[in-house]
Every structure is written in C-alpha cells, then in structure tokens.
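A.B. asks: Protein chains in written order, with our numbering: chain U, 1 to 397; chain D, 1 to 281.
Hints should not be assumed to be uniformly reliable.
Said to hold, decoys possible - The calculated lysine-lysine pairs, modelled on DSS-like cross-linking and capped at a C-alpha distance of 30 Å, are:
| # | chain 1 | residue 1 | chain 2 | residue 2 |
| --- | --- | --- | --- | --- |
| 1 | D | Lys257 | U | Lys379 |
| 2 | U | Lys229 | D | Lys62 |
| 3 | D | Lys66 | U | Lys229 |
| 4 | U | Lys229 | D | Lys110 |
| 5 | U | Lys15 | D | Lys66 |
| 6 | U | Lys379 | D | Lys110 |
Unchecked claim - A short list of chain U residues far from chain D (calculated; beta carbon distances all over 12 Å):
| # | residue |
| --- | --- |
| 7 | Leu24 |
| 8 | Glu30 |
| 9 | Arg336 |
| 10 | Arg339 |
| 11 | Glu340 |
Stated by the list, open to error - Across the chosen pairs, the derived CB separations fall in these ranges:
| # | chain 1 | residue 1 | chain 2 | residue 2 | range |
| --- | --- | --- | --- | --- | --- |
| 12 | D | Glu143 | U | Lys293 | 47 to 55 Å |
| 13 | D | Glu143 | U | Gly13 | 25 to 33 Å |
| 14 | D | Ala169 | U | Ile206 | 29 to 37 Å |
| 15 | D | Asp135 | U | Leu80 | 27 to 35 Å |
| 16 | D | Glu218 | U | Gly238 | 20 to 28 Å |
| 17 | U | Lys15 | D | Phe85 | 51 to 59 Å |
| 18 | D | Thr144 | U | Ile216 | 17 to 25 Å |
| 19 | U | Ala390 | D | Lys248 | 50 to 58 Å |
| 20 | D | Met124 | U | Asn357 | 29 to 37 Å |
| 21 | D | Asp135 | U | Asp333 | 52 to 60 Å |
| 22 | U | Ala390 | D | Asn81 | 45 to 53 Å |
| 23 | U | Ile219 | D | Thr144 | 22 to 30 Å |
| 24 | U | Asp279 | D | Lys66 | 42 to 50 Å |
| 25 | U | Lys284 | D | Lys257 | 28 to 36 Å |
Just so you know, these hints were derived from the structure itself, not from any lab. Where is the CB? At the ideal position from N, CA and C, for every residue including glycine.
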Amino acid sequence: MFSGFFYHLRGRGLKVSLTEWLTLVRALAEGHSRADLSHFYHLARALLIKRETQYDLYDQAFAEHFRGLETHFDITDELLEWLADPELPRELSEEEKAALKALDLDELRKQFEERLKEQDEAHHGGSKWIGTGGTSPFGHGGFNPAGVRVGGQGRNRSAVQVATERRFKNLRSDRVLDTRQIGMALRRLRKLDKTGPEILDLDATIDACAKNAGEIDLIFGPERKNRIKLLLLMDVGGSMDPHSMLCERLFSAAHAASHFKAFESRMFHNCPYEYLFTDIYYRKGEATHELLKRLDESWSVVFVGDAWMSPYELTHVGGAIDLFHNNRDTGLDWLRRFREKCPGSVWLNPEPKRIWNAPSIRMIRDLFPMFELTLDGLKDAVDTLGGRRANEPGLTN
Amino acid sequence: MFNQFTGTADYLASPELRDSVNVAIALEKPLLIKGEPGTGKTRLAEAIAQELETQLLIWNVKSTSKARDGLYVYDTVQRLNDARFGDNDISDIRQYIKFGPMGESFRQDKRVVLLIDEIDKADMEFPNDLLHELDRMSFLVDETGETVAADQRPIVVVTSNNEKELPDAFLRRCVFHYIAFPDEELMADIVKVHHPDLEEELLRQVLIAFYWLREQTEVRKRPSTSELIDWIAALRRAGISKASMEEKLPFLGVLLKREQDLESVIQRAAHAGGRRRIGVH
Numbered sequence: 001m002f003s004g005f006f007y008h009l010r011g012r013g014l015k016v017s018l019t020e021w022l023t024l025v026r027a028l029a030e031g032h033s034r035a036d037l038s039h040f041y042h043l044a045r046a047l048l049i050k051r052e053t054q055y056d057l058y059d060q061a062f063a064e065h066f067r068g069l070e071t072h073f074d075i076t077d078e079l080l081e082w083l084a085d086p087e088l089p090r091e092l093s094e095e096e097k098a099a100l101k102a103l104d105l106d107e108l109r110k111q112f113e114e115r116l117k118e119q120d121e122a123h124h125g126g127s128k129w130i131g132t133g134g135t136s137p138f139g140h141g142g143f144n145p146a147g148v149r150v151g152g153q154g155r156n157r158s159a160v161q162v163a164t165e166r167r168f169k170n171l172r173s174d175r176v177l178d179t180r181q182i183g184m185a186l187r188r189l190r191k192l193d194k195t196g197p198e199i200l201d202l203d204a205t206i207d208a209c210a211k212n213a214g215e216i217d218l219i220f221g222p223e224r225k226n227r228i229k230l231l232l233l234m235d236v237g238g239s240m241d242p243h244s245m246l247c248e249r250l251f252s253a254a255h256a257a258s259h260f261k262a263f264e265s266r267m268f269h270n271c272p273y274e275y276l277f278t279d280i281y282y283r284k285g286e287a288t289h290e291l292l293k294r295l296d297e298s299w300s301v302v303f304v305g306d307a308w309m310s311p312y313e314l315t316h317v318g319g320a321i322d323l324f325h326n327n328r329d330t331g332l333d334w335l336r337r338f339r340e341k342c343p344g345s346v347w348l349n350p351e352p353k354r355i356w357n358a359p360s361i362r363m364i365r366d367l368f369p370m371f372e373l374t375l376d377g378l379k380d381a382v383d384t385l386g387g388r389r390a391n392e393p394g395l396t397n
Numbered sequence: 001m002f003n004q005f006t007g008t009a010d011y012l013a014s015p016e017l018r019d020s021v022n023v024a025i026a027l028e029k030p031l032l033i034k035g036e037p038g039t040g041k042t043r044l045a046e047a048i049a050q051e052l053e054t055q056l057l058i059w060n061v062k063s064t065s066k067a068r069d070g071l072y073v074y075d076t077v078q079r080l081n082d083a084r085f086g087d088n089d090i091s092d093i094r095q096y097i098k099f100g101p102m103g104e105s106f107r108q109d110k111r112v113v114l115l116i117d118e119i120d121k122a123d124m125e126f127p128n129d130l131l132h133e134l135d136r137m138s139f140l141v142d143e144t145g146e147t148v149a150a151d152q153r154p155i156v157v158v159t160s161n162n163e164k165e166l167p168d169a170f171l172r173r174c175v176f177h178y179i180a181f182p183d184e185e186l187m188a189d190i191v192k193v194h195h196p197d198l199e200e201e202l203l204r205q206v207l208i209a210f211y212w213l214r215e216q217t218e219v220r221k222r223p224s225t226s227e228l229i230d231w232i233a234a235l236r237r238a239g240i241s242k243a244s245m246e247e248k249l250p251f252l253g254v255l256l257k258r259e260q261d262l263e264s265v266i267q268r269a270a271h272a273g274g275r276r277r278i279g280v281h
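Work the whole structure out from these sequences, hints included.
C.D. replies: Structure (structure tokens):
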C-alpha cells in the first residue's frame, strides 16, 4: 500500500521524484508523522508535492488510493515492510542515485527498529516518538501551548474525507483562467534590455581606473528594462461569444500589466482584414496597414480566436464573413503580413486542442504556433514569445 | 530531539503549517511558503525566530538580485577608493568582503533563521544558483580563498508570490507549504490577536461582510487579512456600532483599493435589493 502510493501518484501524472520519496521515507523512519493517516496525508503532501496547482490532483490520487483503508492503515508496518524490500524504479537519474546512496536504507531500517523498541519500553510521555501527551512535536495532542487554539482543518475528519473535499480545485492550472492568473502568466513575458536609468557599471569602472593608472573614474550605464511591446488582437462575436468572459479577463489582465513597454489591442471578426477595431460595435478603429507600419520586431503579437471559419474566409478575395465587406486581400495575406512584420507572434485558442481539426485551424497553425487558452497554454505561449521556446508554425502546447 | 515550532501568541499557525515547519527544521531542508498576499508568509519566519529565540536574517530578493549577493559582495569601489587615497591597507582584501544575509547566516555560532523573501522576483536561474550552497551550507570566497561553512545549519524559509515558476531541481529540495486563506473561525482568532476587546457581534458582522466581498467575482484585488485588520481599526476609531453595520458598510476604501472594484461592489449591493446599502465615507 505504501510503495504502491508512489507509483499511483506517478501514474496520475504527479512527477514525484525518487529523491523526494526517499525524503519521505526518511521523515517517516525518523518519526516525523503521527500514526494516523491524516498526518501522513499532510506530511506526504509537504514533501512530495511542490506546487499548489497539483494539490487537487494529489487529493484525488490520495482518496483513490486510500479509500476504505483508513482503519487498517498502520504506517509503522507499512514502512517496515517497504524498508525490508524497497521497491524502486528501474531507471534512476544521477541525482536519484546519489540520494539513494546518501540515505542508507539498511541503516535507516536499523534505526527505525531501534526507535520502535524504545517506544515499546517507554511509551506514554516519552520524548522521542509517538505516544500520547509526549513532548515530541508529533505525538497526538503534543502541542497545545497556552493561547493557541488547537483545531482547524482535518481534526475531526479522516484524511480521505479531507482529500475528497477537493479544497484546492480552484488552484488547478489546467482549468480556465481568472484575471490574476492571467496577469501572473503575462508577467513572465519580459525581455530585459539596457534602456533604464543609469547605474554603476563595475567592470567598465575597473577598466577605466586601470587605464587611468589608479585614478578613479566611475562609469555608469543604463539599467535593464523590459522591452516587450504587446499587441493583442482578439476575435469577437459569433462563435467566440461563449468565450467572451475569458477574453475579457485576458484583456483586462494584459491591460493592467504595467511592465510592458507598450500595449495595444484591436478586435476583429473571424479573421483580420483591412480594418481592425478598437470598438467593434460602433465600427471604430484603424486601417490595418497603418497599424502594421508602426509594428516591428520588438512587438509581440498575440492573436486570440477560435480560428474556426470557412476556409474561403482565409483564402478568397471577398471572402470576409461580413456581407458588406468586400476584402481585396485574402485573410491569409493579412495574417502573413503580421507574421512577417513580427516573427514573435502566437495564436491563443479558447477551444480545446482535441477539436482543432477544422481546415481553417490547420491553415492558421501553418502560420503561427497555437496554444490553448488555459494557464498551461498561456505559459507556453509566453515562453515562446519570450524566446524560451522555439517559435515555429505548427508548434503547440 | 529538536526545537519545535507551535505558533506564537500573535502568529496563529494552522496545525498543518506547524507540522511543515517542524519537518523542514528536522530534515534540514528549506521550507518553501506560498499563499495569497496577506496570509502571513513573511511573518512566519519572524514567528519561528521569535519562538526559537534566535536571530532572523532577511534577504529581500529583488529583480536585480544575484545569488552571489546573498553570500558576499566584494566592495571593489571602496578598495579602489582606498588605493587612490591611501586610507587603508588595501592588501588586506578581507576588509572589503561584505557578507550578505545568507553568508552571515552561515557564519553565526548559533542556529539562526534565514528568510529568503520573494525568491520569484529574481531571475529564473536564481534559485538554481543557490542549490549548492543550500545543500552544503558552505561557500568559497574566491577573492580570499577562504571557505565559509555553517557549523549550525540555518533554518531556511523561502517565500514566493508565484510571479515565476521555480525550477524543479530547486523544488525537489524543499518542503512545500501553501498557506490557504484562513477560514472564518481562524480569521476570528487572528482578528482577536489584533483587536482583543472587539465585540463578538461586531466581529461576526465584519467577517460576514469581509467574506461576502471576497466572494464577489468582480473584485479583482480581493481584500486580505491585513486590510481587514485596518478596516476594523478604522471602524472602531469612528465609533461604528454593530447597528450601523447592518445598514451600510463604511470605509470600504480601506478594503478595496481599486476604484473599479469599489464601484462594482457598490453596484452589486444596490442590485441585491438594498437589503444592505453600501456607504462610502
């Protein structure tokens, strides 16, 4: 049951490393867990799970693995059993091998057995390990200093019950985004450049002083500043209506982010053509070629749209979905111009990836890397814009 | 066996947080703390130091921080200056080595608490540059060839506001704890620490209003614990009674710092049928 938990977590996509697992084994063997499952739940989470976005997955995995076993669970027996015959993954990284070497499992088992023996001899009130009323921090009821309330979550409910509540669902990173999370993700978007206020440049100062035969000459240079300029182009109306809330949030987060050198946004319907809107309902906006004139490589263009349309809206002159609009250049031409002017452009799609099979989506993916509009997708998109991932058409998260 | 952390009179820690702290201390691993602003991430390190009666060294990380700054800085400018004016014996390089918070924490005879605050503000590579020092708790001063090693490994508390993902190699070495936002019960206790003589009934109403505000989806910057404490202070100074709380929520500006948030809440409250009017003083 104990080692099975390790594989169960990994099976659920939680990347628990052996190093972390061995830390847990050590912690248990040294007696840092009270005997019941709910303390094991917290201890294992603190040592194995390092992102709050994975708490929910951990809760689910924990509940699945330990459901119905709460009363039979005895971590002492489990641990002894595991130490007697440690089940380890066949392939280990260098770091994991080192960790395994550092933690001598045989030695650990001996210590653990000794501790258990001591515990048998002097039980309640001991200071080393589990027992009621002891001074060990991990004995049941072991902490209740004056003035501090003992209680809180997990006291009266079993660990599986706590896990089943899924209190951390809101922290998952694959669900849709809220403004703050988008803002966080956008903050990763920075390219630092030497354009800020003057600060002391030490190396240049030393060089200058050396040339001056020791006469001090302080050299100042500009500080590093973010030079990202962001242009947000959003598809609105029609099939995008169900996603309007999400798009609004993306917009407001990008708008509120103060660390961009410049930020602009425009709207379009299905595909950008000659004209881009600042207010699509009142048809206010700017000619696309005027906007393109102002763009250069320092701009990152982010398209947001479902890229879902008839192929002729992309490929045909006069193919625009609005009947009164007779476009002279095809949608693809316009998109290509953006891509050429700003090679650092990406497309965010609010529709899930599994339905990205439409011909129009494939055509657009040939031009831009496309990512899902989820926290993970946004992060990948931002990394692509920031140059931490290759920016090539057809790429995706 | 080892010193234990239980939370102090003015810092209430949940049992899970206390366990995480104690495990991190016992296993000698850095404790990584995340959580909403105002959940007391930074205060935790102070509370640990206070309770274990030891010194707290704080390293406030900035976007320009380099890992080495925390260990030591070689003050070349001072040395150049001294060389120019002949003030000091410039052949003694040691006097130009200024230890940073992490370097200092290794040099102490006693076990101290080292807080690395807001580690996510620095460059992406920053946490990885610290791995070696955090593992070995020692470093070499290149300029003098001396090795600084900790006799007593400091208790390391690291906080992050999630501005950046931290590297896996760094995460693997940490004990991680996410401080969930306090529930009403714990929040009542926290408020009592700051306002011990607050009327029960007023406290109850204040908390109802506070959690109602936090639930409003229009509110982008949700009010935090510290704002609640300030709000109560404002209410008490103005002599607001529980009766007037039922009619309107005064001094909302203390809780909601963004104008749009304030407006949308006022609208929402008006929409809700005016059972409770929101007044802004």
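A.B. asks: Evaluate each hint against the coordinates.
C.D. replies: Here is how each hint holds up against the structure:
{"no.": "1", "hint": "Lys257/D <-> Lys379/U", "in the structure": "holds, 28 Å"}
{"no.": "2", "hint": "Lys229/U <-> Lys62/D", "in the structure": "holds, 23 Å"}
{"no.": "3", "hint": "Lys66/D <-> Lys229/U", "in the structure": "holds, 26 Å"}
{"no.": "4", "hint": "Lys229/U <-> Lys110/D", "in the structure": "violated, 50 Å"}
{"no.": "5", "hint": "Lys15/U <-> Lys66/D", "in the structure": "holds, 29 Å"}
{"no.": "6", "hint": "Lys379/U <-> Lys110/D", "in the structure": "violated, 43 Å"}
{"no.": "7", "hint": "Leu24", "in the structure": "violated, 10 Å"}
{"no.": "8", "hint": "Glu30", "in the structure": "violated, 7 Å"}
{"no.": "9", "hint": "Arg336", "in the structure": "holds, 33 Å"}
{"no.": "10", "hint": "Arg339", "in the structure": "holds, 27 Å"}
{"no.": "11", "hint": "Glu340", "in the structure": "holds, 30 Å"}
{"no.": "12", "hint": "Glu143/D <-> Lys293/U: 47 to 55 Å", "in the structure": "holds, 53 Å"}
{"no.": "13", "hint": "Glu143/D <-> Gly13/U: 25 to 33 Å", "in the structure": "violated, 47 Å"}
{"no.": "14", "hint": "Ala169/D <-> Ile206/U: 29 to 37 Å", "in the structure": "holds, 33 Å"}
{"no.": "15", "hint": "Asp135/D <-> Leu80/U: 27 to 35 Å", "in the structure": "holds, 29 Å"}
{"no.": "16", "hint": "Glu218/D <-> Gly238/U: 20 to 28 Å", "in the structure": "holds, 26 Å"}
{"no.": "17", "hint": "Lys15/U <-> Phe85/D: 51 to 59 Å", "in the structure": "holds, 57 Å"}
{"no.": "18", "hint": "Thr144/D <-> Ile216/U: 17 to 25 Å", "in the structure": "holds, 23 Å"}
{"no.": "19", "hint": "Ala390/U <-> Lys248/D: 50 to 58 Å", "in the structure": "holds, 57 Å"}
{"no.": "20", "hint": "Met124/D <-> Asn357/U: 29 to 37 Å", "in the structure": "holds, 35 Å"}
{"no.": "21", "hint": "Asp135/D <-> Asp333/U: 52 to 60 Å", "in the structure": "holds, 56 Å"}
{"no.": "22", "hint": "Ala390/U <-> Asn81/D: 45 to 53 Å", "in the structure": "holds, 48 Å"}
{"no.": "23", "hint": "Ile219/U <-> Thr144/D: 22 to 30 Å", "in the structure": "holds, 26 Å"}
{"no.": "24", "hint": "Asp279/U <-> Lys66/D: 42 to 50 Å", "in the structure": "holds, 46 Å"}
{"no.": "25", "hint": "Lys284/U <-> Lys257/D: 28 to 36 Å", "in the structure": "holds, 32 Å"}
Checked against the numbered hints given earlier, this structure breaks hints 4, 6, 7, 8 and 13; the rest are met.
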